[in-house]
Amino acid sequence: MNNRKLSLPLALLMGAALIVVLFPVFWIVMTAIKPPTDWNASPAIWVPSEPTLINFRTLFDPEALGAYGVGGVSQAATKAVYGSVLATVSATLASVIIGLFAAIGISRYGNNSKATPLVILSGRMFPPAAIAVPFVIIFSNVGLIDSYLGLFAIYVAVTLPFSTWMLKSFVDDLPREIEEAAMIDGRSRLAAHLTVTIPLIKGGLFATTMFIFILNWSEFMFALVLSYSNVCTIPVQLAKYVTATAGTLYGVQAALAVFAMVPLVFVGYHIQSHLARAMTFGAIKQ
Amino acid sequence: MTAFFTSCPRAQTASAAQPAPAPASAPTGLGLKGLVRVLVLPGQIVSLLVLVVPLLVALYMSFTDWSPTRGSLFDATFVGFENYSELLIYDTRFVYSILRTALISMVCLSLEFVFGLGLAVLFLREFRGKSLLFSAFLTPMMILPVVVGYTFWMLFQTNGPVNQIIEFLFGAQATMEWFRNAPCAVTAVILTEVWHWTPLFFLILLSGLNAIPENPVRAAVILGASPRQVFWCIILPMLKPVIIVAFVIRSMEIIKLFDEVFMLTRGGPGSATETISLYIYKLAFNDFQLAYGAAAAFIVLLGSLLLIHLLLVPVREQIMKAGR
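Each protein sequence line maps, in turn, to chains A and B.
Under this note's numbering, the residues of the first sequence are numbered 1022 to 1307, in order.
Under this note's numbering, the residues of the second sequence are numbered 165 to 488, in order.
None of these hints come from the bench; they were simulated from the model.
Incorrect hints may appear among the rest.
With a Cα cut of at most 25 Å, we get these calculated SDA-like pairs of lysine to any residue [said to hold, decoys possible]:
id	chain 1	residue 1	chain 2	residue 2
1	A	LYS1261	B	GLY432
2	B	LYS446	B	ALA436
3	B	LYS294	A	ILE1040
Let's have the full structure, built from the sequences with the hints guiding it.
Rendered as structure tokens:
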């Protein structure tokens, strides 16, 4: 459209916006490298004079802060990291695989009923709080509460609409003729899908996997209500630090926050060209 | 399936570009119906087991007076619509949490729209480092809601940087206790949410702006329209479908608002920042009023289902034909 240059006032405006956007990120990273004496200083210290990685060490070794006179007050985050990785990776893979099959089914053989997508979408839109209550009851009756299998099941269910719908939009983009050519060459429909469709949407498959990973990694509420002592995830651990020792463990919490955030920002930048499609269920394509 | 047969002649030519040989075991013995079933069945089973069954249990529960201390769910007393009438008629905390969520949603979405659109319009210009800045502006939406909540909790501490910045800008001593004062706490929640999700509006609106054809804009400019007229009379009307998509998607997300508020205020002070999700969470998992919580959940579920379908009316066609 208008490819005019950015004038100085507008450039300043954008600079100001950039500062607002990046300041919280700057703050959390700075807090993560503050020594305990700087954590809750008054007035707050913006840039630590002696940056340290002790907070990150404390995440995996609760006694590490002993050198600063802060005893083994914090609980190690090892279990939370393990739980997050286990539940997120397994649920992401399962969700994408099930979603891939469903996407091919709906895209290629769907009856074009107007109800199907709306049913799928509605499932995603319920407030998690509303579904969490029955889940806790059922899971405690079948022994899935406070277990990785329970988290896995619920993560798959919650992200399945997303993976199905996003993958469907990629399959839709692919001309049917390519698969049909393979079928004429004598392959069965299933073989044609497995050997032609799936390799051709590789890029979309990757973007979907990453997006589902983001969703699962960020998930908080279900993990909060479905885990007690056996199971933990990073977001839950972060909330626990806040409740258990409010005001005393700033640096360690910030370190965990940074630890949780880095993979997501990394993954997010990688699939940024697909983010609009992912977030809008394919209504917007870039 | 007719599409398959009618398009076969074209497929013939396309097959030239596909040198892959046919495997020996081509027919799998699956009919078309069998294949579709195999493809879609796992998804259906998951949805059924993990979404439909829990909803049915919750529905049953919401008509009882059950709580975990009263033994098995099957022995619970059936109380009819008592929970529902209690919630809708007497429970002001519930009604207020709905109104509060609506208020927060409206304020947040308006601000996110204005900031997102402004930023997107700036990105129509040419400048150095544009793609790097684009990524930078998307950063907030890639951060976990819980981390965003915790970060802003730190920023809004009484001795935290937000008060320091206020002091610096206005000179006065700022000792605002953001989370002890109801309007301040609500403001903090809104600012957090706006910071977190303005990038989504920016992303959606920018891709909409980039997709606007150049010709009408050029024609208007040639005919003597001022940049302001071009924006209000040409660009904005053409952007309308995209704006609606952005609002619909964000409304669906924001009515579920929980993580950030949980980290920031736990709904406090009192219940000044208690959203619907937070209230149901407290009912069920702090007070263990599970049956009552299930009834509240069902009211919210029906309400959001209704709202979502109303919201979806304008974008239904767009989502339906996505990629078709």
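In ascending order, which of the hints set out earlier in this document are inconsistent with the structure? none
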